[in-house]
Structure formats: C-alpha cells, structure tokens
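S.K.: Build out the structure end to end from the sequences listed, making use of the hints.
Letter by letter, the chains look like this.
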Amino acid sequence: MTSLPISQDAANLPATSRDLFALTKPRVMSLVVFTGLCGLLAAPVHVHPVLAFAAVLCIALGAGAAGALNMWYEADLDAKMKRTASRPLPGGRMDRQTALHFGVGLSFFSVILMDLAANHLAAIILAVSILFYVLVYTVWLKRRTAQNIVIGGAAGAFPPLIGWAAATGDVSTLPVLLFAIIFLWTPPHFWALSLFVRSDYAAAGVPMLPVVAGVQSTRRHILVYTLPMIAAAVAPWALGLTGWIYGAVAVGLSAAFLILALYVSANRATEPKEMGPEKRLFAFSILYLFCLFAALVVDKWMLA
Amino acid sequence: MTPDLEPEVRKRQRERARITAILLGLFVVLIFAISIAKMTVNR
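If you're matching them up, the sequences are chains A and B in order. With the numbering used here, the residue at position 45 of the first sequence is 45, and numbering never jumps. With the numbering used here, the residue at position 5 of the second sequence is 309, and numbering never jumps.
No incorrect hints appear here.
With a straight-line Cα cutoff of 27 Å, these simulated DSS-like cross-link-like pairs (lysine-lysine) come out:
hint	chain 1	residue 1	chain 2	residue 2
1	A	25	A	279
2	A	300	B	342
3	A	25	A	142
4	A	142	A	80
5	B	315	A	25
6	A	279	A	142
Covered by chain B, per the in silico footprint, the following chain A stretches (three or more residues, Cβ under 8 Å):
hint	region
7	14-25
8	50-57
If you are wondering where the hints come from, they were derived from the structure by calculation, not from laboratory data. For each residue, glycine too, the CB sits at the ideal point set by N, CA and C.
M.R.: Written as structure tokens, this is what we have:
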C-alpha cells in the first residue's frame, strides 16, 4: 500500500484506488459476502446465475459502502488504535471528503442496482442494513454504550436475509433464524477480540465491555451469550427447516464453541500474551460461521 | 499543490481515470447481462 508521511500535501493528493479499496474493509466483506451468498443459495427457488451474481455484488458493495462511511466517521478513533492507525484516513493518505463521497455514492449505487437486479424488498433491506451500521452502530452506539456490539451486531446479520429476499422476494422463518445466528454470534466474537486488544479500545475511549465492566465480567458475558447463539444455530434443524447434515454440523461446531467459551470463562489472565483461550475462541468463531453457513447450503443441495 | 507534487498528482489521476473507465465498461456489461437475464426469467 502507498505510504506517505502525514502532511497537508499528502492529504491533498488524489486517493489511490488501493486506498479506496481499503476503505471498504475487504476482510470483513468476505464474511458478509459469504453469508449473503449462502442465504441466496439456501432459498427454495432457482435464481438465474447473472441475477445471483448481481445480488451478491450489491451485498458486497453495500457492505463496502458502510465500511467506508464507518471509516469516514471514525477517523479520529482509528488514529488512536494500533490496529487501525494505518488505515487511509488516519494514515493521512486521503482526505475525509473523498471517503464520504465514496461511501455515499457506493451506498446509492448498491441499493439502486439491487432494486434493478433483484426486487424492492432486497433493496430496502440492503438500505436498512447500511443505515443501521452507519447511523445506529457507528454514530449512535459505539462511543456511548458497552452494549454497542450487542445491538450493532444486527448490521452484520442482514446479508443472509438480503440474499434470501433477493432470491424469493419475501422473508420466512429460516432467513430470520440465519439473521438471529449472526446477531447472537457477534457479541462473543467481538468480546473475545476486545479482551486481547482492550488497551487499544481504552486508549481510544471506546466503551467496549472489557474497558467498562472488566475482563472477568466480559468472559462471563461471552459464556452467557454463547447459549442463545447455540440455540439459534440448532433451531433450523430442530424446527425441521434443514436436514441432518446441517443439524450434525451445527451440534458439533456449537459444542466446540461452548467448550472454547468455557475455557475463556475459566481463564484469569489479564495480559494479552496470556490470553490463548480468547485468541482461540476468536479464530474459531470465524471458522464456526463459515462452516455453519456452508453446511446449510450443502444440506440443501444434497438433501433437496 | 507544490510543483514537486504535480507528477504524483498526474500519475494518480491517470490511474484513477483508467480504473474508472474499466469499471464503467464492466457496469455496462453487467446491466446488459441483467437485462437479458430478466427477459429470460420473465419469458
């Protein structure tokens, strides 16, 4: 990535395409695109491949737009955290107005294209998800409450709902459960991360749970929030909405998640280098979501 | 803008113009493909 010293001249240079791409948070986008694609593929209808591609592209562009607007609003916070200090805005490689124009333009483009390629409902849910992430999570909750990630987690839970709506034109029980899985998965996932980057959040003044309530309380919260997440993960199979393949994967992975959460709750370390269980849970939680959604699609295709 | 920055500015403008042109071309292809797909589905 182009690296320039922070100066007025550097900020006045036109942003490079790499920095514009970095604004879209490509690593976060990969999980969003995958869950959106799985929502679309799990729907009980055939979707034309071109329209499916366009719908997933719109989900990706919408997520990228939300990421860009998040970075535009949080440039001051990002500058205070090691993890985010090298992003284009705090790194001084782009002016804020460019990020704002890019984010707003991409938002409108993704929603209009979704409306053209899929249907009104998918476009409306996509618009709601962008607005929720930017206004509810970024602007309202993140700097104000330790529950930021609990409520804000809904923003990342929309993609399977959008994928399903793009395919079918409506929303039923299964996509709502897929929404619930990601919604309930987000707190344990982010709290595991926030435990070992706690000093970063504290330095930036972000009221994440470990900063506000302490390390042990956060570990208890992780364990408590894991239980409804497991219930939501198993529910599609228990309610007869999926077959045994999804059920077996959901039960097996959820048991592993619970064991890792128990290890986290038993840990008493306060230094990041001693937080092995938290790092393992964080890494496993990403794999958990990928495998769960992949199993949903495999189940539908193998047992349909 | 200082004179020593001008070559860098022009270089970045050219790069962005090239990428914008490519993306516009892909957008036209995508809209065409969506139109054909919609006509196929609605037939």
